[in-house]
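Engineer: From first to last, the protein sequence lines are chains V and W. Under full-length UniProt numbering, residue 291 is the last one in the first sequence; the count climbs by one each step, no gaps. Under full-length UniProt numbering, residue 747 is the last one in the second sequence; the count climbs by one each step, no gaps.
Calculated directly from the structure, the hints in this document are not laboratory data. Backbone N, C-alpha and C define an ideal beta-carbon position, used for all residues, glycine too. Please note: incorrect hints may appear among the correct ones.
[Claimed, not checked] Derived pair list, reagent style DSS-like, types lysine-lysine, alpha-carbon separation capped at 25 Å:
hint	chain 1	residue 1	chain 2	residue 2
1	V	66	W	646
2	V	149	W	731
3	W	740	V	252
4	W	138	W	508
5	V	257	W	745
6	V	66	W	708
7	W	740	V	241
8	W	506	W	483
9	V	241	W	122
10	V	241	W	234
11	W	523	V	252
12	W	416	W	122
13	V	149	W	729
14	W	646	V	68
15	W	234	W	122
16	W	731	V	260
17	W	740	V	260
18	V	252	W	729
19	W	731	V	241
20	W	122	V	257
21	V	257	W	234
22	W	740	V	257
23	W	745	V	260
24	W	122	V	260
25	V	257	W	731
[Claimed, not checked] Derived DEER-like restraints, expressed as beta-carbon distance ranges:
hint	chain 1	residue 1	chain 2	residue 2	range
26	W	53	V	212	36 to 44 Å
27	V	212	W	50	58 to 66 Å
28	V	67	W	737	39 to 47 Å
29	W	282	V	275	25 to 33 Å
30	W	465	V	160	50 to 58 Å
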Amino acid sequence: MSVSNLLENWSKFRHTHPVDDKGIPDWEAYPSDIKWAMSIDLDACTGCNACSVACYAENNLPVVGKDKYSHGQAMHWMRVERYWDEGDNGFQAEQGARFLPMMCQQCEAAPCETVCPVGATNHTEDGLNSQIYNRCIGSRYCSANCPYKVRYFNWYNYPEQENAWPAPLNQQLNPDLTVRTKGVMEKCTFCKQRTYTARNNAKTEGRPVQDSDVQTACQEACPAGAITFGNLHNPESQVAKQWQSQQVDLIKDIQEKDEKEGNRLRGYRVLEELRPYPSVMYLERVRESAV
Amino acid sequence: MTENDFSRRDFLKVLGWGGTAVALSGCGNTSIQDGQETVTSYVTLPSYVTPSISNYFNSTCAQCDAGCNIMGRVREGRVLKAEGNPNSPINRGRMCGLGLSGVQAHYNPDRVREPLLRTGDKGETITWDKALGLINEKLNGTKGTEIAFVTGGMSGHVQALLGNYMDELGSKNHFSYEAISPAVLRAANKKAYGESMPRYRIDKARVVVSFGADFLGAWVSPVHFSQQYAQFRKGSRPEGRGVLVQIEPKMTLTGANADRWIAVRPGTEGVLALGIINALGKAGLSIPADIAAVSHEYTTERTSKETDVSAEQIEKLAALLKERTPSLVLAGGAAEGYAHGSQNAAAIALLNRVLGNVGKTLEASASVPFPQIAPTVGSRSSLIALNDGLAAGKYKVVFSYGVNPVFSAPASMKFKDNFAKADFKVAFAQYMDETALAADLILPLDSAMEDWATVVPEYMAAPEGAGSNAYAQMSFRQPMMEKVFPDTRGVGDILLALLKQRTADKYKEFEDFYSYLRSAVLKNKVALGGKAGDDDEVFWNETLSKGIVPLKGIAGSVSAKASAAGLKLPVPTDADPSYPLRLIPAVSASMRDGRNANEPWLQESPDPLTTIVWDSWVEINPKTAAKLGIVEGDIVEVTSKSGSIKTQAYLFPGIHPDAVSVPVGYGHEAMGRYARGVGANVFGMLDSVFDKETGELALNETSVKISKTGQRVIIVKEEGPVGGSQAGKPKIAVQVSADKVDLSKEV
Chain V
1 MSVSNLLENW SKFRHTHPVD DKGIPDWEAY PSDIKWAMSI DLDACTGCNA
51 CSVACYAENN LPVVGKDKYS HGQAMHWMRV ERYWDEGDNG FQAEQGARFL
101 PMMCQQCEAA PCETVCPVGA TNHTEDGLNS QIYNRCIGSR YCSANCPYKV
151 RYFNWYNYPE QENAWPAPLN QQLNPDLTVR TKGVMEKCTF CKQRTYTARN
201 NAKTEGRPVQ DSDVQTACQE ACPAGAITFG NLHNPESQVA KQWQSQQVDL
251 IKDIQEKDEK EGNRLRGYRV LEELRPYPSV MYLERVRESA V
Chain W
1 MTENDFSRRD FLKVLGWGGT AVALSGCGNT SIQDGQETVT SYVTLPSYVT
51 PSISNYFNST CAQCDAGCNI MGRVREGRVL KAEGNPNSPI NRGRMCGLGL
101 SGVQAHYNPD RVREPLLRTG DKGETITWDK ALGLINEKLN GTKGTEIAFV
151 TGGMSGHVQA LLGNYMDELG SKNHFSYEAI SPAVLRAANK KAYGESMPRY
201 RIDKARVVVS FGADFLGAWV SPVHFSQQYA QFRKGSRPEG RGVLVQIEPK
251 MTLTGANADR WIAVRPGTEG VLALGIINAL GKAGLSIPAD IAAVSHEYTT
301 ERTSKETDVS AEQIEKLAAL LKERTPSLVL AGGAAEGYAH GSQNAAAIAL
351 LNRVLGNVGK TLEASASVPF PQIAPTVGSR SSLIALNDGL AAGKYKVVFS
401 YGVNPVFSAP ASMKFKDNFA KADFKVAFAQ YMDETALAAD LILPLDSAME
451 DWATVVPEYM AAPEGAGSNA YAQMSFRQPM MEKVFPDTRG VGDILLALLK
501 QRTADKYKEF EDFYSYLRSA VLKNKVALGG KAGDDDEVFW NETLSKGIVP
551 LKGIAGSVSA KASAAGLKLP VPTDADPSYP LRLIPAVSAS MRDGRNANEP
601 WLQESPDPLT TIVWDSWVEI NPKTAAKLGI VEGDIVEVTS KSGSIKTQAY
651 LFPGIHPDAV SVPVGYGHEA MGRYARGVGA NVFGMLDSVF DKETGELALN
701 ETSVKISKTG QRVIIVKEEG PVGGSQAGKP KIAVQVSADK VDLSKEV
């Protein structure tokens with residue numbers, strides 16, 4: 001894509017976002033019948049890291065080793081953050097730790113998209129924030145602009161020079177997607193290889209995509225079933241039901257829960273106040289106060 | 001190679017494949033040897049293979065002993081990923097990180113590839129014929145009593161075959177060893193409920209009080225319990241959202257998920273259990289007289305003083321337990337790793353009787369109707385027996401399979417030296433680990449994704465519904481592809497070859513272990529769910545494709561017979577001033593006893609609580625650290641009476657100020673590129689203290705002192721310099737009090 005072409009089509013990129021240039025929600029104009037979304041129940045999540053390892057297995061993520069890890073160069077698209085309650089005397093452990101699985105939130109108004117000088121990261125029809133590897137020139141503006149810090153840059157040529165998969169470990173690589181090379185940015189795709197297969201199969205069979213057609217690798221592994229994934233546009237999907245019951249609206253940045261006290265809801269989106277309109281809803285971790 | 005395949009090879013190069021002997025031959029596609037290629041065209045693929053479409057083969061995970069049922073995703077003759085089998089009552093389609101890493105054990109670049117013989121300090125590769133011949137030669141003239149076999153926990157047909165081999169040798173010296181073993185739990189359960197592994201029903205309980213049972217991390221069958229836990233947390237369940245209270249001196253993954261984590265003084269778990277019983281009595285619950293006779297001494301005041309748990313907390317907990325029934329009380333490693341570990345476990349078990357949980361949230365299990373394939377569980381006490389025998393020079397030929405005692409025995413046992421006393425040591429090994437290095441002959445094993453086996457889990461989960469009380473199962477492990485390295489062999493095949501050396505006639509009809517297994521299964525067709533008239537081939541294929549064989553098991557029974565008679569808990573004493581801190585060796589979900597340390601995903605997967613990668617560490621309470629002048633990243637020396645290690649200090653709020661904790665499984669001196677030299681081995685420095693009733697090594701009985709070395713590193717970890725702080729941001733990892741949300745209508 002040439003720069004002139006890109007500039008000419010700039011408005012088109014913007015129009016796939018839920019809010020138009022005047023800040024008015026434009027949900028009706030959404031171009032597709034699919035909008036992939038997720039919800040994660042933090043009360044079920046145990047912080048075990050199975051999702052993260054599943055992501056390594058599914059998405060050909062390189063193991064970088066201790067040295068590069070110390071430089072912040074780990075390539076874990078899915079990571080589990082651990083927080084503590086904070087009190088007057090520092091961290092408190094009496095109610096356990098708090099875990100937060102964090103991956104690309106597939107924002108509808110993604111801060112990463114607007115800053116890419118070459119349009120390598122942009123919005124897909126099915127509501128994903130996509131990364132086009134062979135268009136990426138490695139400016140890393142997207143990563144700088146990402147409030148969730150979930151974009152991972154290939155500082156090295158992992159498959160060859162770094163020998164991240166010494167034979168025969170390379171035989172484990174998933175042929176459904178590439179191994180990225182030096183100089184490109186990568187991130188969670190909501191297991192695009194799986195969603196595309198599901199969409200195509202459903203289309204072949206002449207029916208809409210259902211929940212049973214596709215799971216992301218993290219969702220499939222999760223021992224506590226904390227992750228739900230599906231088509232937010234399909235009111236029958238579990239993810240749509242959850243968003244609906246928590247009254248979280250994709251195209252709002254202040255939800256019912258924030259507006260009214262005592263509504264007893266627990267759905268929220270991380271750093272929602274920055275207005276990136278993320279596609280991942282979290283359900284607050286619950287703790288019993290009676291003990 | 002046909003022309004059609006040419007572009008595909010280019011495709012593989014793009015993926016980063018080197019010029020290795022890529023074993024695509026699982027579908028009969030390609031095998032490359034000596035630069036020559038023998039090719040079968042795509043036209044003649046098996047009917048079930050379509051290039052680019054994955055096939056799934058049901059099998060059983062071998063990464064720990066829980067026996068989760070998995071499906072191997074296989075494409076173009078390579079297994080790519082292990083996924084959970086949705087029909088499994090154990091893992092119900094789910095996986096843990098450890099299980100997912102099984103493919104890295106399979107494709108590991110550091111696997112032993114050929115039989116190796118050691119002469120002096122040198123090793124040479126030899127042929128299988130020579131290796132097996134050498135074993136035969138050494139065994140001739142050796143008495144059965146001089147032969148020993150050390151394995152991990154075993155079950156299924158490999159175990160049956162091993163039993164036959166031991167019989168032929170006239171040896172009764174089969175030592176089943178697990179470095180991290182719930183042996184005290186088994187014995188205590190047997191005494192208290194009549195069964196060593198009853199079914200726990202976390203999903204039915206309204207309150208779970210766990211004394212150091214890390215059921216979400218590394219305890220018994222964690223993927224199974226994680227699903228129960230997910231049910232337990234659902235507010236829409238008739239019982240409402242369950243409340244978890246975890247009592248342990250060092251926070252485990254389960255503790256991190258608790259509604260209330262209680263840092264008990266190490267070793268006083270039993271005292272606390274009796275104190276809670278006493279408080280329950282005070283709150284009006286009727287306590288059986290035999291229990292009250294013991295528990296009445298444990299007034300809230302005394303309990304609080306001895307355990308370091310506030311009186312208010314004890315009363316709150318008793319009130320919660322009285323109000324919300326049924327509950328479930330669990331005892332785990334943190335409570336059992338003491339000289340009085342069995343007593344602790346017995347005191348904790350009393351709570352289930354007092355609260356009336358037995359039969360409600362603690363159910364009877366079932367066992368398989370065939371004793372030969374029923375699981376033999378391992379313990380540490382069996383290693384002690386082996387070690388004593390070795391020290392006395394009783395054993396001349398020793399076989400080891402699936403265990404690494406040279407790595408995991410405490411240095412004070414001098415296992416390595418004693419092992420060397422045996423004339424001829426044979427290691428069945430996948431890696432050149434510490435035990436293989438000390439052996440004379442190393443036989444390279446197939447990976448669990450290349451080998452045949454049957455598995456019977458010790459913890460027998462059951463599907464919901466009628467007949468579940470007698471539900472037992474056997475699972476298949478089957479090869480998912482051709483061997484990665486052509487010269488490795490399955491353990492069953494090796495045992496069969498060894499058996500043929502002893503008694504050729506009995507086994508001559510079996511060409512290999514596969515034919516032995518198939519024949520054994522077909523002979524029991526009816527018991528395994530078939531009909532007498534079923535076609536053998538059809539029955540075999542159907543059974544294998546399901547991977548799980550439900551059996552009409554022998555239903556057990558549980559009873560609330562836990563008795564307080566003979567219960568005696570030691571009064572906590574002051575710490576030895578020269579070793580003032582208690583060492584709690586931590587068992588993490590991914591590293592376990594260290595057998596999987598050479599799988600790089602596990603090394604790079606952060607420890608959930610500290611977020612540290614690629615190293616070991618010592619967890620110190622910030623208060624204790626402040627007293628000792630230690631800051632994060634200081635390299636400290638942790639010294640016990642039996643040894644010492646140096647490692648980085650991590651300040652951790654989830655640990656009792658009197659305790660420090662170091663994870664086990666790190667500090668390999670051998671094994672492979674990802675394990676060797678990473679961290680320090682805490683097994684080596686443990687004192688030889690044993691549980692008085694079971695003889696099990698008391699893991700938490702080691703006292704230590706900590707001193708600064710003057711060196712400091714920046715810890716390599718996932719969290720940033722601010723640690724676990726959310727920096728006042730309102731919407732990151734948000735928590736809400738249970739009375740502020742309505743969970744009952746959630747979908």
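Engineer: Taking 25 Å as the top limit, are the C-alpha atoms of residue 241(V) and residue 122(W) close enough?
Structural biologist: violated, 66 Å
Engineer: Does the structure keep residue 149(V) and residue 729(W) at a Cα separation of 25 Å or less?
Structural biologist: Holds: residue 149(V) and residue 729(W) sit about 15 Å apart, inside 25 Å.
Engineer: For the pair supplied as a hint, residue 740(W) and residue 252(V), confirm whether the alpha-carbon distance does not exceed 25 Å.
Structural biologist: holds, 23 Å
Engineer: Does the hinted range 36 to 44 Å hold for residue 53(W) and residue 212(V) at CB?
Structural biologist: Violated, at about 18 Å.
Engineer: Run the distance test for residue 66(V) versus residue 646(W): straight-line Cα separation, threshold 25 Å.
Structural biologist: holds, 18 Å
Engineer: Does the alpha-carbon distance linking residue 257(V) and residue 234(W) stay inside the 25 Å limit?
Structural biologist: The hint holds at about 20 Å.
Engineer: When you check the alpha-carbon spacing of residue 257(V) and residue 745(W), does it fall within 25 Å?
Structural biologist: Distance ~16 Å between residue 257(V) and residue 745(W) Cα, so the pair holds.
Engineer: Can the suggested window of 50 to 58 Å be confirmed for the beta-carbon pair residue 465(W) and residue 160(V)?
Structural biologist: holds, 53 Å
Engineer: Between the alpha carbons of residue 234(W) and residue 122(W), is the straight-line distance 25 Å or under?
Structural biologist: Between residue 234(W) and residue 122(W) the Cα gap is close to 60 Å, so the pair fails against 25 Å, i.e. violated.
Engineer: Would you mind confirming whether the straight-line C-alpha gap from residue 252(V) to residue 729(W) stays at or under 25 Å?
Structural biologist: Holds: residue 252(V) and residue 729(W) sit about 19 Å apart, inside 25 Å.
Engineer: For a C-alpha distance cap of 25 Å, please report whether residue 66(V) and residue 708(W) respect it.
Structural biologist: The hint holds at about 23 Å.
Engineer: Below or equal to 25 Å on CA atoms is what counts here, so check residue 740(W) against residue 241(V).
Structural biologist: Roughly 21 Å separates the two Cα atoms, so the pair holds.
Hint compliance for this structure: hints 8, 9, 11, 15, 20, 24, 26, 27, 29 are not met, and every other hint is.
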